[in-house]
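Protein chains: 2
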Amino acid sequence: MAQKPSIPKGTRDFSPVETARRNYIFDTIREVFRLYGFMPIETPAMENLSTLMGKYGEEGDKLLFKILNSGDYLAKADKSLIESGDTNRLAAQLCEKGLRYDLTVPFARYVVQHRNDLQLPFKRFQIQPVWRADRPQKGRYREFYQCDADVVGSDSLLNEIELLQLIDEVFSRLNIRIAIKVNNRKVLAGIAEIIGHPDKIVDITVAIDKLDKIGVENVNAELGERGLTPEAIGRLQPILAISGPTDKRLSALAALLADSETGLRGVEELNAVLHGTRELGLRADLDLDVSLARGLNYYTGTIIEVKALDVAIGSITGGGRYDNLTGVFGMPGISGVGISFGADRIYDVLTALDLFPEETAKATAVMFANLGHDEAAAAMKALKEMRAAGIAAEIYPDEAKMKKQMSWADSRAIPYVAIIGESELAEGKLTLKNMTTGEQSLVDTAGAIGIIGA
Amino acid sequence: MAQKPSIPKGTRDFSPVETARRNYIFDTIREVFRLYGFMPIETPAMENLSTLMGKYGEEGDKLLFKILNSGDYLAKADKSLIESGDTNRLAAQLCEKGLRYDLTVPFARYVVQHRNDLQLPFKRFQIQPVWRADRPQKGRYREFYQCDADVVGSDSLLNEIELLQLIDEVFSRLNIRIAIKVNNRKVLAGIAEIIGHPDKIVDITVAIDKLDKIGVENVNAELGERGLTPEAIGRLQPILAISGPTDKRLSALAALLADSETGLRGVEELNAVLHGTRELGLRADLDLDVSLARGLNYYTGTIIEVKALDVAIGSITGGGRYDNLTGVFGMPGISGVGISFGADRIYDVLTALDLFPEETAKATAVMFANLGHDEAAAAMKALKEMRAAGIAAEIYPDEAKMKKQMSWADSRAIPYVAIIGESELAEGKLTLKNMTTGEQSLVDTAGAIGIIGA
Chain A
73 MAQKPSIPKG TRDFSPVETA RRNYIFDTIR EVFRLYGFMP IETPAMENLS TLMGKYGEEG
133 DKLLFKILNS GDYLAKADKS LIESGDTNRL AAQLCEKGLR YDLTVPFARY VVQHRNDLQL
193 PFKRFQIQPV WRADRPQKGR YREFYQCDAD VVGSDSLLNE IELLQLIDEV FSRLNIRIAI
253 KVNNRKVLAG IAEIIGHPDK IVDITVAIDK LDKIGVENVN AELGERGLTP EAIGRLQPIL
313 AISGPTDKRL SALAALLADS ETGLRGVEEL NAVLHGTREL GLRADLDLDV SLARGLNYYT
373 GTIIEVKALD VAIGSITGGG RYDNLTGVFG MPGISGVGIS FGADRIYDVL TALDLFPEET
433 AKATAVMFAN LGHDEAAAAM KALKEMRAAG IAAEIYPDEA KMKKQMSWAD SRAIPYVAII
493 GESELAEGKL TLKNMTTGEQ SLVDTAGAIG IIGA
Chain B
73 MAQKPSIPKG TRDFSPVETA RRNYIFDTIR EVFRLYGFMP IETPAMENLS TLMGKYGEEG
133 DKLLFKILNS GDYLAKADKS LIESGDTNRL AAQLCEKGLR YDLTVPFARY VVQHRNDLQL
193 PFKRFQIQPV WRADRPQKGR YREFYQCDAD VVGSDSLLNE IELLQLIDEV FSRLNIRIAI
253 KVNNRKVLAG IAEIIGHPDK IVDITVAIDK LDKIGVENVN AELGERGLTP EAIGRLQPIL
313 AISGPTDKRL SALAALLADS ETGLRGVEEL NAVLHGTREL GLRADLDLDV SLARGLNYYT
373 GTIIEVKALD VAIGSITGGG RYDNLTGVFG MPGISGVGIS FGADRIYDVL TALDLFPEET
433 AKATAVMFAN LGHDEAAAAM KALKEMRAAG IAAEIYPDEA KMKKQMSWAD SRAIPYVAII
493 GESELAEGKL TLKNMTTGEQ SLVDTAGAIG IIGA
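So the sequences go chain by chain: A and B. If you use the numbering used here, the first sequence corresponds to residues 73 to 526, in order. If you use the numbering used here, the second sequence corresponds to residues 73 to 526, in order.
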């Protein structure tokens with residue numbers, strides 16, 4: 073029996089309509105990236121495992137897809153690892169390459185590898201798939217696209233302001249209403265510093281994040297469980313109590329962080345980014361969120377996160393500033409800042425809100441029916457003229473029943489059908505049928521081009 | 073010491089200029105695919121190995137990149153295979169997935185898997201990378217793009233005529249002069265049949281192919297070495313002697329293949345395809361080539377191959393008709409025909425002939441210089457207006473020396489630089505410098521938009 077075909081779990085096929093809709097997202101993002109002066113690069117799907125390993129934490133290492141070496145992959149393997157079942161170390165001997173896990177680490181590798189050909193600051197965008205051996209679940213895939221824009225080699229906060237405007241422009245074009253939250257890693261470091269627990273940044277931000285949901289008493293209890301001293305919890309209280317409009321919160325933060333140089337610098341940066349962006353006018357909500365801490369080990373300054381206002385789906389774009397990413401590849405002291413659009417979640421938002429433009433589902437403007445050898449030959453000539461006029465056109469390739477041909481055109485949402493039968497052939501004309509209105513007109517090819525192109 | 077970064081051999085990074093040039097090729101092909109009514113689909117980079125294995129011959133199986141199973145990949149492995157060193161069988165236990173080797177087998181899998189959602193005939197295009205563990209060499213990579221268009225579910229020869237026109241249109245848009253060679257697998261089968269060696273199709277076509285280079289006597293000697301009887305070689309002589317214009321060769325073939333039903337059908341199909349296409353007018357050379365046999369085990373009818381006339385680089389596009397491709401996945405009786413553009417070789421041809429349009433290297437139309445906080449703030453406002461007018465614009469993010477900023481703009485081939493210094497700031501204007509002519513004008517933002525957009 074023939075095998076029943078399927079694809080690996082967590083991966084997807086994309087039909088013509090789905091592909092067209094995804095391209096609508098990619099094209100929109102790409103166009104805005106270009107408008108902002110970002111230039112496209114592409115990197116290979118496979119990277120050396122030495123490039124990828126250790127960049128995403130221990131958990132991330134496990135989620136890398138590894139590629140078995142070609143040829144005799146066992147030759148160089150230490151057989152004792154097989155007996156001891158040390159699959160991690162053995163994998164490193166069986167596999168030299170892995171699929172990229174994100175676009176940021178390959179970009180850092182790119183910058184270092186091509187440093188002599190690049191003029192810093194370097195602004196690049198990259199729209200490519202990434203792979204993670206995550207447990208597949210709703211909205212989480214093993215192959216998905218990231219759309220990244222980064223600037224490296226500049227620590228100017230103008231870059232942050234540019235990226236926030238860029239985010240605003242993309243979602244405005246997609247008609248998705250968003251809220252942008254901004255934070256700064258230095259503020260979090262400052263808070264941890266002044267309460268005397270510089271090592272507890274993660275616990276502190278998790279606690280702040282839960283404040284609205286579980287209340288200050290439960291937050292304090294949890295912080296105690298996480299090993300914060302009562303004294304530290306006490307010092308955190310004024311920070312948990314900060315509220316009000318952005319500027320008021322920033323001033324309160326500045327006062328509370330007066331003893332932390334790092335913390336104050338964070339507040340200054342937030343001030344510059346928030347005010348600089350607002351001054352230029354933004355359609356999206358933009359606000360400070362001190363609990364925001366995504367990818368903490370990675371970011372060193374500004375942290376950005378975007379959520380859709382009308383669909384509950386988590387973050388649809390995120391990013392921030394990182395100061396040390398190229399250091400691990402031997403090029404220290406290069407600051408970078410970037411954002412990543414999550415195309416798959418944006419797709420889900422557009423679907424939920426029914427926001428895809430109708431024309432993304434359409435392709436061909438006119439289908440010629442096929443009514444026999446001579447008629448088809450005439451249709452092929454007309455087809456050629458249509459295409460020369462820029463009209464996407466095709467012919468039903470087989471001489472099938474008219475009903476079948478019409479239903480095929482219908483299933484593909486083709487707006488016009490051109491019919492050349494015996495009488496049209498004799499007259500050198502065609503009957504053009506509008507599939508929406510049912511209206512028919514007997515015209516020559518030029519006339520049909522005029523109607524379809526209108 | 074930090075690791076020195078590199079990428080796996082046979083893979084490539086693409087710089088902004090290279091990416092823009094590749095996109096020029098992809099966009100051109102995509103636009104023509106759409107004009108001809110093909111719709112885009114995408115399939116995952118990873119397929120189940122059961123989908124890929126056995127589809128590309130024994131050699132092809134070895135060239136598949138296999139992905140190590142996640143988690144305890146040794147658990148299900150037969151340890152005796154490790155001792156016996158049977159790496160092939162062991163690999164099948166360590167790996168369930170592989171990277172796709174081409175786009176045709178995944179497409180056949182797609183058609184069968186989604187058969188209930190498809191209206192046949194189904195016309196799809198697909199532009200995605202494929203991976204092969206080939207020995208890397210000049211012009212041969214381990215990751216490269218294919219650009220495929222196929223029609224399945226129709227055996228009409230109109231599809232072949234459409235695809236030949238499509239090829240002509242693509243290369244005409246790219247300004248590459250080409251020769252298209254066409255053959256038919258049934259003609260090759262017919263020749264093998266009438267000389268009494270139906271199993272020797274490959275040897276016969278190889279011999280015909282060498283005719284021009286080594287002469288008829290050497291060809292006959294080689295056929296003898298390959299096991300053809302003197303009688304069979306004798307019967308082949310009239311076929312080797314066929315020459316002259318296409319129609320004369322087709323008639324001669326028809327006469328010689330009179331006793332082979334299959335052979336005659338092949339000649340008829342060639343006749344219909346060649347005449348049908350020529351009648352519509354083609355810019356490319358189009359001719360019959362009886363020695364053409366690419367991917368023989370795969371094609372069952374028409375075979376197509378395209379070469380560039382002005383660069384010696386081998387085939388830059390190829391394709392043909394296959395009748396049995398979905399059969400292996402449990403859906404027999406579906407005929408398909410398709411073509412595949414080799415983007416990497418097309419890139420090399422365009423480079424060799426210096427045919428990339430100049431604008432593909434450009435991106436940003438204007439760079440604002442950064443002359444300090446207040447000046448940059450004014451520039452950010454002007455920048456916003458420029459972008460709203462559709463002009464790709466950016467600001468040099470750091471307050472660096474003017475010379476450095478200008479040389480950065482220059483290195484990126486940015487045609488205009490806008491300068492807002494102290495005096496421009498006071499006047500509410502900017503100095504716009506044309507980087508080609510050196511011309512400068514003091515204008516307001518609207519005026520600059522007028523000049524740049526012109």
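There may be inaccurate statements among the hints.
One copy or any two copies: either way a pair holds, since identical chains are not told apart in the list.
In silico DSS-like pairs for lysine-lysine, Cα to Cα no more than 30 Å straight-line [claimed, not checked]:
1) K453 <-> K151
2) K501 <-> K320
3) K81 <-> K501
4) K285 <-> K320
5) K151 <-> K134
Don't read these hints as lab results, they were simulated from the structure.
Legend entry - Hint numbers not upheld by this structure, sorted from lowest to highest: 1, 2, 3
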